[in-house]
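Q: The sequence shown begins at 200 in the numbering used here and counts up by one.
Bear in mind the hints are in silico, worked out from the structure with no lab data behind them. Hints are not guaranteed to be accurate.
The following label-pair restraints were derived from C-beta to C-beta distances [what the hints assert, rightly or not]:
#1 294 <-> 434: 34 to 42 Å
#2 372 <-> 274: 25 to 33 Å
#3 233 <-> 276: 37 to 45 Å
#4 241 <-> 297: 22 to 30 Å
#5 336 <-> 274: 26 to 34 Å
#6 263 <-> 426: 13 to 21 Å
#7 481 <-> 365: 24 to 32 Å
#8 267 <-> 215: 23 to 31 Å
#9 298 <-> 274: 43 to 51 Å
#10 391 <-> 282: 17 to 25 Å
#11 481 <-> 426: 19 to 27 Å
#12 298 <-> 233: 22 to 30 Å
#13 333 <-> 216: 16 to 24 Å
#14 268 <-> 371: 46 to 54 Å
We put the CB at the ideal spot given by N, CA and C, even for glycine.
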Amino acid sequence: MIAAHWQTGLFALAAMGIMVVQALVHPSLPAQVLLLAPLVAILGLPHGALDLPIAEALWPLESWARLAVFAALYLGLAGAVIAVWLLLPSFALLAFLVYSMLHFSDDWAEDLPALRWSGGLATVGAPALLHHAEVAAIFAMLAPGGAALAADAAALAGGVGLAMLAASILKSPRACGPAALELALLWTTAAALPPLMYFAIYFCGLHSIRHFTTTMRAVPNGWRAFGIAVVLSVIVTLVALLALRQGTTGPFEAATGQGIRVIFIGLAALTVPHMILVDRFRRADTTTE
Numbered sequence: 200m201i202a203a204h205w206q207t208g209l210f211a212l213a214a215m216g217i218m219v220v221q222a223l224v225h226p227s228l229p230a231q232v233l234l235l236a237p238l239v240a241i242l243g244l245p246h247g248a249l250d251l252p253i254a255e256a257l258w259p260l261e262s263w264a265r266l267a268v269f270a271a272l273y274l275g276l277a278g279a280v281i282a283v284w285l286l287l288p289s290f291a292l293l294a295f296l297v298y299s300m301l302h303f304s305d306d307w308a309e310d311l312p313a314l315r316w317s318g319g320l321a322t323v324g325a326p327a328l329l330h331h332a333e334v335a336a337i338f339a340m341l342a343p344g345g346a347a348l349a350a351d352a353a354a355l356a357g358g359v360g361l362a363m364l365a366a367s368i369l370k371s372p373r374a375c376g377p378a379a380l381e382l383a384l385l386w387t388t389a390a391a392l393p394p395l396m397y398f399a400i401y402f403c404g405l406h407s408i409r410h411f412t413t414t415m416r417a418v419p420n421g422w423r424a425f426g427i428a429v430v431l432s433v434i435v436t437l438v439a440l441l442a443l444r445q446g447t448t449g450p451f452e453a454a455t456g457q458g459i460r461v462i463f464i465g466l467a468a469l470t471v472p473h474m475i476l477v478d479r480f481r482r483a484d485t486t487t488e
């Protein structure tokens with residue numbers, strides 16, 4: 200995934216903007232959830248909603264029957280992830296952290312391996328290292344029994360990622376480029392922002408935009424792919440709102456935990472088939488070059 204300099208600049212501007220908001224407003228956790236949800240829906244989901252155009256580029260899905268088979272496999276895999284969350288939440292949380300690090304490392308796939316893996320570790324580990332108690336509290340809403348272990352593991356990953364970044368910069372002049380700047384911004388943002396706001400700015404301001412623009416250039420008929428992404432994003436958002444409405448009772452603050460569960464368990468479920476498709480698409484694109 201080749202990074203464009205404008206993406207680095209956009210991420211920097213977005214990070215500075217949200218840090219100003221944090222300094223002026225200091226939003227509460229419920230307010231952070233209200234900020235995160237629309238950002239994920241508007242800026243985050245469309246990059247995953249390109250999975251159908253990716254699948255169409257990989258396999259012949261001209262008929263409704265083949266589309267139905269693909270949809271059944273995709274949704275079945277996502278449903279299986281949700282089932283694991285319901286049955287084994289602690290295991291599911293740890294697994295989610297691991298495969299998220301692997302997936303997010305692709306944002307620096309064309310850079311030095313040390314920077315790539317440093318980035319993957321930092322995306323999840325930086326807030327846990329710098330705001331351990333807040334991350335543990337959020338994890339407790341997802342998997343009460345495994346929250347402490349997951350927060351400790353994420354913090355350890357963050358420490359390893361930071362050490363790798365420092366060693367890379369000291370060892371090789373090649374490491375002092377846009378990727379290193381992005382990782383420095385990542386750590387600065389993680390230090391200055393609460394974990395949810397940090398995730399919002401990374402996921403929506405860098406990861407999703409980078410994946411979306413790269414995929415739009417690679418798939419045939421980009422405007423059609425864009426339309427599909429918009430429609431599917433709206434559908435997923437409506438399903439998430441329905442799940443939130445059905446699972447929430449009590450005052451506004453009581454909806455915070457349910458909102459966090461809907462957002463992150465939903466992302467965990469969709470990330471698994473998304474990762475499989477993106478990896479397959481990248482391999483196919485490499486072999487045709």
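Q: Quick one: which hint numbers does this structure break? Sort them smallest to largest.
A: Violated: hints 1, 2, 3, 8, 9 and 10.
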